[in-house]
Amino acid sequence: MLSRTADHLYWMSRFIERSEALARMLDAHYRHSLLPHAPEVVARDWRATLNSLGLLEAYQARHETFATASAFHFLAFDREHAGSIVSCLRAARENARAVRGTITSEMWETLNSTWLESRGYEGEGAEHDIGEFLEWVRYRAHLSRGVTLGTMLRDEAFRFTRIGTFLEGADATARMLRARARPGFVPLDEPAGPDAYTWTLLLRSLSAFEVYRKIYRDAVTPWRVTDLLVLRDDLPRSLGRCVSEVYLNLREVANEQSAETERRAGQLHSTFHFGRLELLLAPGFGAFLDGFLGQIAVLGDRIAQDFLVPPTPT
Amino acid sequence: MAATPYNEMELPDGSPRDHYRRYATWLQAQAADRLARRRAEADSLFHRVGITFAVYGEDEGAERLIPFDIVPRIVAAEEWRRLEAGLRQRVQALNAFLSDVYHGQEILRAGRVPPELILCNAQYRPEMQGIDVPGRIYAHIAGIDVVRAGSGEFHVLEDNLRVPSGVSYMLENRKMMMRLFPELFARHSVAPVEHYPDVLLDNLRSVAPVGVSDPTVVLLTAGAQNSAYFEHAFLAQQMGIELVEGQDLFVRDDAVFMRTTQGPVRVDVIYRRIDDDFLDPLAFRPDSLLGVPGLLSAYRAGHVTVANAIGTGIADDKSIYPYVPDMIEFYLGERPLLANVETYVLRRPDDLAYVLAHLEELVVKEVHGAGGYGMLIGPTASGTQLEEFRARISANPAGYIAQPTLALSTCPTFVDAGIAPRHIDLRPYVLSGREITIVPGGLTRVALRDGSLVVNSSQGGGTKDTWVLES
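Quick note, the sequences are listed as chains A and L, same order.
Everything in the first sequence is counted per the working numbering, starting at 1 for the first residue and increasing by one.
Everything in the second sequence is counted per the working numbering, starting at 1 for the first residue and increasing by one.
Bear in mind the hints are in silico, worked out from the structure with no lab data behind them.
From the three backbone atoms N, C-alpha and C, an ideal C-beta is built for every residue, glycine too.
Some hints here could point you the wrong way.
[Stated by the list, open to error] Pairs of lysine to aspartate or glutamate, DMTMM-like flavour, derived with a Cα cap of 20 angstroms:
| no. | chain 1 | residue 1 | chain 2 | residue 2 |
| --- | --- | --- | --- | --- |
| 1 | L | 318 | L | 287 |
| 2 | L | 175 | A | 233 |
| 3 | A | 214 | A | 189 |
| 4 | L | 318 | L | 342 |
| 5 | A | 214 | A | 245 |
| 6 | L | 175 | A | 109 |
[Claimed, not checked] Not everything, but these chain L residues come out facing chain A in the computed CB check (under 10 angstroms):
| no. | residue |
| --- | --- |
| 7 | 48 |
| 8 | 49 |
| 9 | 229 |
| 10 | 232 |
| 11 | 237 |
| 12 | 241 |
| 13 | 242 |
| 14 | 244 |
| 15 | 262 |
| 16 | 265 |
| 17 | 354 |
Chain A on its own, in the form it takes in the complex (with noise of 0.2 angstroms):
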């Protein structure tokens, strides 16, 4: 398979994986914004919600004050820069149509009809809009996993749509806990007191909320939390989870020059698979966090090196 080919299927998973994270990420924040909340608090929650997704800079050029409006329409609506989510779904599109010919036709049509649509919400942004098109992004990416696993040979293009869907699913659970990190944040085994909402909606916005309640059958406390969304390997988007698929799907297209590559994630997926929470937590929750999210990205780095855009052979 083309190497440019692999390039734009992985590309085009990450922007998906995106689309969907941060739509997940928007939603808690607007049922967040339900509650009674003191303007400094609307604030600093979305200073750290930005900070997080590295788009703080980008933001800040673009507005003076971190209202909930222009929060809201620069990380939904806002064509203009490359982290929106309409920008993810044109990324997507794009990087599917250059490889139409490889995917099904199916997922063209998809992801095609998906971007088509989006555009039919551009310019909106009306506050009651909000949780509808949030809505209709996860729906959407629903149906483009669906038409993924439901059409797509198990080949080596498959391997790097996974690849791309759990590095970017990966990033995105770390980024959210990450947004609730505050310098020197302990995650403790008990209710997290005036912020114990928060923790619930986390769970929500990644869908594990009925999950937890099936699993501990016991009150929502933050170090809980924490074990579920990083080591849990049965849970589809714990930390554990998506390294462990990053690392199995990395193994079926493995080529003559990415054993190392290999061997980080396959040591990345043991630190998890054999890990217990105290000792992934000792250098600090905001350092564990920052670490993996920069293996993570070198992982990205060497899979684009051994595959996607090989040095020319001479």
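Position chain L relative to chain A; hints supplied.
This is chain L only, laid out in the frame that chain A set:
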């Protein structure tokens, strides 16, 4: 200009021709709003599937549909048999001509084609001189534009031997018609076209370099920004071959490889959809980012086949077109079965004088132009346009040819006002490999504006499904 154009469906008395009888009966029974609904359905399907073409110079998202007309163009079995024999003969002669031009040039020495017309032509590629190509085939894929004029006789308007496009519309239009009007296919025995990609792949494999038993074929595209990108992706998918861009290929030791996730893979046949000029920056335009450095050298070494061959433009240049009937006689010893359109060659002083005196009756074309650009249609041109062309022609007579304004045949078409006749042409696709194959049908283009004779999609033309009846 001829009085009434030939109507494909109706006899002069208004009754349907034999091969249209069943369709006409069906059409009469259809309510207009059902047809309108079907057309809307077709539009939305084409959008969703993304059968669009990019319009140069417009914003992103400016991907347009080529309008699709739901009334098919029907060709009787007997008409098709005649047409097919003529196309076969013509393409065979054109390939013989190309082989001759790039080898012994006997036709020039025999005085049948003026040597300066070839040797001083920008489309002539000296790099190809003396190179043997597999099977002596240059134009593996030819799109021959055919029109019906006068009382319905076929004329070849233009040969397209470089990178003819449009075949995906032939295939998609058929799929669409079968989806919209399945009942019609139960009533007519329409010759299938769906096997086109199979025949194309088989032909491409058959022209692989000597000694390659299981050739790797790729389709070379300029990329997703190209106006015909949909077609490139579509054909590659239908044939199950890689769709590559120049950056995916590289040349090492005079052989072509593609970069894959598992390392370099040798490429044997390149079905290229980019022009000669952009193929190899080391040999042609040095600023080309679309091509593959070293490709020409690998090609000349016989280590890769390029289809269509480099240099085919010399046979479809409009200045060469008037000589195609001579080629048929010279190489095949046969009388041409398909007529050319009468053509004035303005490098001849007599023709030039006549054309300048009758400009408002004629169609004038640039010899190197394509796609309906650089063209004057005398009868509909304004005074200013006529004067402008008069000046351009006088300044460079050899740069133009002229033809009478043909009353192109008309076919009923579903337009805003209902069903009305519109002018059409036909582009059948002729595939040359081990043998010559023509999938029955082709792309019918229709000028949607009332009275317009220009069918090009860049100029407001649409397309129709083309039915060749089997009986």
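Status of each hint after checking the structure:
1. L:318 with L:287: violated, 27 angstroms
2. L:175 with A:233: violated, 46 angstroms
3. A:214 with A:189: With a Cα-Cα distance of about 17 angstroms, the restraint between residue 214 of chain A and residue 189 of chain A holds, given a limit of 20 angstroms.
4. L:318 with L:342: With a Cα-Cα distance of about 13 angstroms, the restraint between residue 318 of chain L and residue 342 of chain L holds, given a limit of 20 angstroms.
5. A:214 with A:245: With Cα atoms ~24 angstroms apart, residue 214 of chain A and residue 245 of chain A exceed 20 angstroms; violated.
6. L:175 with A:109: At roughly 16 angstroms apart (the allowed maximum being 20 angstroms), residue 109 of chain A and residue 175 of chain L satisfy the hint.
7. 48: With a minimum Cβ separation of about 5 angstroms from chain A (threshold 10 angstroms), the hint on residue 48 of chain L holds.
8. 49: This hint holds: residue 49 of chain L lies near chain A, its Cβ roughly 6 angstroms from the closest one there, short of 10 angstroms.
9. 229: With Cβ-Cβ at 8 angstroms, under 10 angstroms, it holds.
10. 232: holds, 8 angstroms
11. 237: With a closest approach of 3 angstroms, the residue 237 of chain L hint holds.
12. 241: holds, 9 angstroms
13. 242: Given a least distance of 6 angstroms, the restraint on residue 242 of chain L holds.
14. 244: holds, 6 angstroms
15. 262: Because about 5 angstroms separates residue 262 of chain L from the closest Cβ in chain A, which is inside the 10 angstroms limit, the hint holds.
16. 265: holds, 9 angstroms
17. 354: At about 50 angstroms, which exceeds the 10 angstroms cut-off, the nearest Cβ of chain A leaves the hint on residue 354 of chain L violated.
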